[in-house]
Amino acid sequence: MLSIILLSVSGLANLFLGFLRSNRLILPLVLLVLAAVLAINIFDVDNSSAFVTELAQRDYLRGMLYFDQYARVFTGVIVLTALLLLPFSQKYVQDDNPNLAEFYSLMLFSLVGAIMMVSYTNILILFLGIETLSIAMYVLAGSDKSNLRSNEAALKYFLMGSFATGILLFGVALLYGATGTFDLNQMGAAIRALPTADASLAPMMYVGILLMLIGIGFKISAAPFHFWTPDVYEGAPTIFTGFMSTVVKTAGVAGFFKLLVVAFGGDTIPFWLPTLTTMLVLTLLIGNVGAVAQTSVKRMLAYSSISHAGYLLLALVALRSGMLSASAIFFYSLAYSLATVAAFGVLQLVYNQRQREDYEGLNGLARTNPLLALAMTISMLSLAGIPLTAGFFGKFQLFNAAAQEGYIGLIVFAVVMSAIGIYYYLRPIMAMYMRPAVEGAEAPVPVTALQSVVLVVLMGLTVLLGVLPGLLDGVLNVQ
Amino acid sequence: MLTALLLIWPVAAALLLHFVRGGAARALAFGASLVELVLAIYAAFQFQTDYSQPHFELDYAWLASAGIHFHIGMDGLSLLLVLLTAFLVPLILLASFRHDYENPSVFYALVLFMQSGLIGVFVALDAFVFYFFWEVALIPIYFLAGVWGGERRVQVTLKFFIYTVVGSLLMLAGFVYLYYMTGASGAARSSDLAAFYNLQLSAQEQSWLFLLIFAAFAIKMPLFPLHSWQPDTYEQAPAPATMLLSGIMLKMGIYGTLRWLLPVVPLGASRWVGIVMVLAVVGIIYGALIAIRQRDMKRLIAFSSLSHVGLMIAGMFSLTAVGLQGTVIQMLAHGVNVVGMFFIADIIERRTGTRQIPELGGLTRATPLLSVTFLVILLGTVALPLTNGFVGEFLLLMGVYQFNPWLGAVAGLTIVFGAVYLLRMFQRVMLGPDSSFSAVIRDLTGAELAVLVPLVLMVFWIGLFPGTFMHISEPAVNKLLVLINR
Chain A
0 MLSIILLSVS GLANLFLGFL RSNRLILPLV LLVLAAVLAI NIFDVDNSSA
50 FVTELAQRDY LRGMLYFDQY ARVFTGVIVL TALLLLPFSQ KYVQDDNPNL
100 AEFYSLMLFS LVGAIMMVSY TNILILFLGI ETLSIAMYVL AGSDKSNLRS
150 NEAALKYFLM GSFATGILLF GVALLYGATG TFDLNQMGAA IRALPTADAS
200 LAPMMYVGIL LMLIGIGFKI SAAPFHFWTP DVYEGAPTIF TGFMSTVVKT
250 AGVAGFFKLL VVAFGGDTIP FWLPTLTTML VLTLLIGNVG AVAQTSVKRM
300 LAYSSISHAG YLLLALVALR SGMLSASAIF FYSLAYSLAT VAAFGVLQLV
350 YNQRQREDYE GLNGLARTNP LLALAMTISM LSLAGIPLTA GFFGKFQLFN
400 AAAQEGYIGL IVFAVVMSAI GIYYYLRPIM AMYMRPAVEG AEAPVPVTAL
450 QSVVLVVLMG LTVLLGVLPG LLDGVLNVQ
Chain B
0 MLTALLLIWP VAAALLLHFV RGGAARALAF GASLVELVLA IYAAFQFQTD
50 YSQPHFELDY AWLASAGIHF HIGMDGLSLL LVLLTAFLVP LILLASFRHD
100 YENPSVFYAL VLFMQSGLIG VFVALDAFVF YFFWEVALIP IYFLAGVWGG
150 ERRVQVTLKF FIYTVVGSLL MLAGFVYLYY MTGASGAARS SDLAAFYNLQ
200 LSAQEQSWLF LLIFAAFAIK MPLFPLHSWQ PDTYEQAPAP ATMLLSGIML
250 KMGIYGTLRW LLPVVPLGAS RWVGIVMVLA VVGIIYGALI AIRQRDMKRL
300 IAFSSLSHVG LMIAGMFSLT AVGLQGTVIQ MLAHGVNVVG MFFIADIIER
350 RTGTRQIPEL GGLTRATPLL SVTFLVILLG TVALPLTNGF VGEFLLLMGV
400 YQFNPWLGAV AGLTIVFGAV YLLRMFQRVM LGPDSSFSAV IRDLTGAELA
450 VLVPLVLMVF WIGLFPGTFM HISEPAVNKL LVLINR
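As they're listed, the protein sequences go chains A and B.
Once you know that position 432 of the first sequence is 431 in numbering that gives the first Met the number 0, the rest is easy, because the numbers rise by one and skip nothing.
Once you know that position 341 of the second sequence is 340 in numbering that gives the first Met the number 0, the rest is easy, because the numbers rise by one and skip nothing.
Hints are computed from structural coordinates only; laboratory data are not their basis.
Any given hint could be a false lead.
[Claimed, not checked] So these bits of chain B aren't anywhere near chain A, every CB distance computed over 10 Å:
| no. | residue |
| --- | --- |
| 1 | ALA3 |
| 2 | PHE44 |
| 3 | ARG152 |
| 4 | ALA172 |
| 5 | PRO224 |
| 6 | THR351 |
| 7 | LEU383 |
| 8 | PRO384 |
| 9 | LEU406 |
| 10 | PHE425 |
| 11 | LEU463 |
[As the list claims (entries may be wrong)] Here are some chain B residues the structure puts well away from chain A; computed CB gaps all over 10 Å:
| no. | residue |
| --- | --- |
| 12 | ASN197 |
| 13 | ALA365 |
| 14 | ALA449 |
[Said to hold, decoys possible] For the chain A half of the interface with chain B, some residues (derived, Cβ under 10 Å), not all of them:
| no. | residue |
| --- | --- |
| 15 | GLY321 |
| 16 | LEU323 |
| 17 | PRO369 |
| 18 | THR376 |
| 19 | PHE398 |
| 20 | VAL415 |
| 21 | ILE421 |
| 22 | LEU425 |
| 23 | ARG426 |
| 24 | GLY469 |
Since the model is a prediction, treat every value here as computed from it, not as a measurement.
Beta carbons: idealized from backbone N, C-alpha and C, even for Gly.
Can you make the complete structure from the sequences, with help from the hints?
Okay, structure coming up:
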């Protein structure tokens, strides 16, 4: 709870920093706040290790929010991601963007939304969290006002997003009508009892469940609700694309998992599982096959982010393995976020200098900026799931959870898809190391000391988790 | 612990290289690889007599929640391959001294990194550790070939990478299945080698598991018709990378088959053995026929290697004691010979600027040392008695003959064909009418001799006293044979 309060208050206070003549204070202050939130989250104790059992102590807003270990761990991933991503936005500070304070405030607010999405115990809070996150994202996607693409991205995201919100809300309403409660635990109990207790209400509940699946599927860009993703990701300023594909995805999947386990568990699972499985297969297929054909690295990363939503859905499909699934989602989303932040960070820096986001834009980077090239390489290898990087053990844990539940066919399909992935993840590496720089772009890309440190941290964490995955064993002690 | 040290030392040295610039980097890398060799020899002397059991084990809970352990150790078979790696890497480094590679510290760091990956493959006693190092070994060689390679390097290395990774993913799928089966009877799941050996699987399961796992090994070896990445990659990669690929990396596939395939799914192996045998023999003939027609020395050696590896595969899949022993000895012999051959091709190319056989000729007059060492290594490859190739190929042929006399007869053509194309190459490059290079070419320098003399000594050592090595590998091989025939 402390993290939500701190982020909200500093978000509000940050708005007033816009009145200062210089923008230079804002970024350091925001980073400081994020570091403080992360520290509180790691050392703070406002948690118990129970996972959404009976709400006893330390629940907030009359038991609508609950900070258990699950919420704490995912809050950690989300805040860490933001903390590592923001240093790459330094260009905006230097350019003296007039709306800078608002951008950072919106980011802080969206983090509040993300934290609500992983700590809710009431469907309304989940909805509020999603909306807080999304509205901030609609604005940020269009923050590059003079850029047509950015405007298009914002409009597209907003129109499609509000439509999905409507569907989600419709689902919430139907479920409320069927069960008479918003509380996650009570709703779960009611849903399990409903088919036998009051069969006439069952269709309402089933429709409600499906509508919620669609609404959340849109937010995590699962196929067939992914059509907005490539355009929005490409149009939005790179730094916010990075934010969308990490924070939004982590929060979405973690919240989704909680919803499925607690509210739609038990006998309801066979009803929605085929839907989710179909979504998984489509997402993996479209993400991976779509990424192959791209010429822009940013668009490739957009499709790759779709495909990673597909891998994460594997853990949701295997949710009956409980603990195994939860910790797989945790490990994978951390590994994926670290790698994605590095990729978008490097892409943003290259774009600042070379004004290109296609593969040729990366040509010869190994010669001009060995550090950037190495960071990008490790990030790509991690996304591809090659050993020595965190991505390998992330994928392994997901497959492990799925295998536990006997989804061998799905695993084989996912393995084939990752084989396709290797092709497009190698392309940036080939561009950086094996092709000379495009004429006129031989100058090194400027990197500040802070950005270098962050890149080293990202690489270090990725390799560390790839060599010693046991470090995070048992961090998520879900019962 | 010694195993862990052997594993970590090259990585540590590779990291150190980052702080060194220019020529010092290669000296440091060479020094580090010599230390590794000393460590490996020390390990060999520290071995207690029982070569069938893993020594110097390390067992660390890697991913405790999943029952995966970082379990490594060396038995006789592992020891021999670790020794081969530790012996060849310093020579490969020394052989590259004449080249001026851009970014030498990165180049040599990658070679050392690769060494760690290779040793990891040979000492892994847990399936996921094995897979981990299997992939780790691929990353440095991809960059070595892709950054420092020839003109067509980008497409060629992409093909190589995707080929091998697809194979490894299939192997991983097989391992995951085996890992799950260890928990089938209610016991805790484990990916340990011993747990895999204890599995009781139906013939049907073993049959498709064999295909999954063998895919990775067959691509790496490579088995006909999965070889199409090989000649291009060998040709395009810089000389040290080619030597690493052909000398050591190729053995990963054969070693993997010996340790992780045949004893784990013996029924699957016996189901497919006929087809593999035929493919291997086809590979022998195919490689030899193409080698005869090659004009490029490097490509000729690549196809000759394909042909000789075919014989190794055939001997191994005879599943007889002689066949397996022959495979082990031939792994050592082939490693020594092929590195020597590629190095000599590299020397000639550097001196004359061409690898095209028709453009060369009459080099021998000005280069007595080069001619002698070339001839010795060449005869080793041809498998002349008293050289290393003879011991291995003789045992292999015996194995194939025991399996099926007809196949044995056809496989014997390896030696006949090998003599044809190799001696013809020697004749046209070194003897024959003088070319424009005959007068000006320089003989071997000190550093080159330092590479070739140990190789030549090895050719004779393995040829004259194969017992030194066979008595190390025999207990381990016999143990594998018991598991295969269970």
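Results for each hint:
1. Distance check for B/ALA3 against chain A: the nearest CB is about 13 Å away, which clears 10 Å, and the non-interface claim stands.
2. Look at B/PHE44: its CB is around 31 Å from the nearest CB on chain A, clear of 10 Å, so calling it non-interface holds up.
3. For B/ARG152, the requirement that its beta carbon stay farther than 10 Å from each beta carbon of chain A is not met, with the minimum near 7 Å.
4. Remark: the non-interface label on B/ALA172 conflicts with the geometry, its nearest Cβ contact in chain A lying 5 Å away (cut-off 10 Å).
5. Against chain A, the non-interface label of B/PRO224 holds: every CB pair exceeds 10 Å, the least being about 19 Å.
6. Look at B/THR351: its CB is around 28 Å from the nearest CB on chain A, clear of 10 Å, so calling it non-interface holds up.
7. Non-interface call for B/LEU383 relative to chain A: holds, since the shortest CB-CB distance, roughly 42 Å, exceeds 10 Å.
8. Every C-beta of chain A lies more than 10 Å from that of B/PRO384, the closest at about 44 Å, which supports listing it as non-interface.
9. With a minimum CB-CB distance of about 34 Å to chain A, B/LEU406 clears the 10 Å threshold, and the non-interface call stands.
10. Residue-level check passed: B/PHE425 sits 35 Å from the nearest beta carbon of chain A, beyond 10 Å.
11. Chain A leaves B/LEU463 outside its interface by the beta-carbon criterion, the shortest separation being 41 Å against a cut-off of 10 Å.
12. Annotated as non-interface, B/ASN197 keeps its C-beta farther than 10 Å from every C-beta of chain A; the closest such distance is 20 Å.
13. Every Cβ of chain A is farther than 10 Å from the Cβ of B/ALA365; the closest lies at roughly 38 Å, confirming the non-interface assignment.
14. Every Cβ of chain A is farther than 10 Å from the Cβ of B/ALA449; the closest lies at roughly 32 Å, confirming the non-interface assignment.
15. Below 10 Å, beta-carbon pairs count as interface contacts, and A/GLY321 has none with chain B, the closest being about 12 Å; its hint is therefore violated.
16. Hint status for A/LEU323: holds, given a least beta-carbon distance of 8 Å to chain B, under 10 Å.
17. Here the hint on A/PRO369 is kept, as its CB sits about 8 Å from the closest CB of chain B, short of 10 Å.
18. Using the Cβ-Cβ criterion of 10 Å, the hint placing A/THR376 at the interface with chain B is satisfied: the shortest such distance is roughly 9 Å.
19. Because the closest C-beta pair between A/PHE398 and chain B is about 6 Å apart, less than 10 Å, the hint holds.
20. Because the smallest distance between the Cβ of A/VAL415 and any Cβ of chain B comes to about 8 Å, under 10 Å, the interface hint for this residue holds.
21. Residue-level restraint check for A/ILE421 holds (minimum Cβ-Cβ distance to chain B is 5 Å; threshold 10 Å).
22. Interface restraint check: A/LEU425 against chain B, minimum CB-CB distance 6 Å, threshold 10 Å, status holds.
23. Restraint check, A/ARG426 versus chain B: the minimum CB separation of about 9 Å is within 10 Å; hint holds.
24. Of the supplied interface hints, the one on A/GLY469 holds, with its beta-carbon coming within about 5 Å of a beta-carbon of chain B, less than 10 Å.
When the structure is compared with the earlier hints, violations turn up for hints 3, 4 and 15 and for no others.
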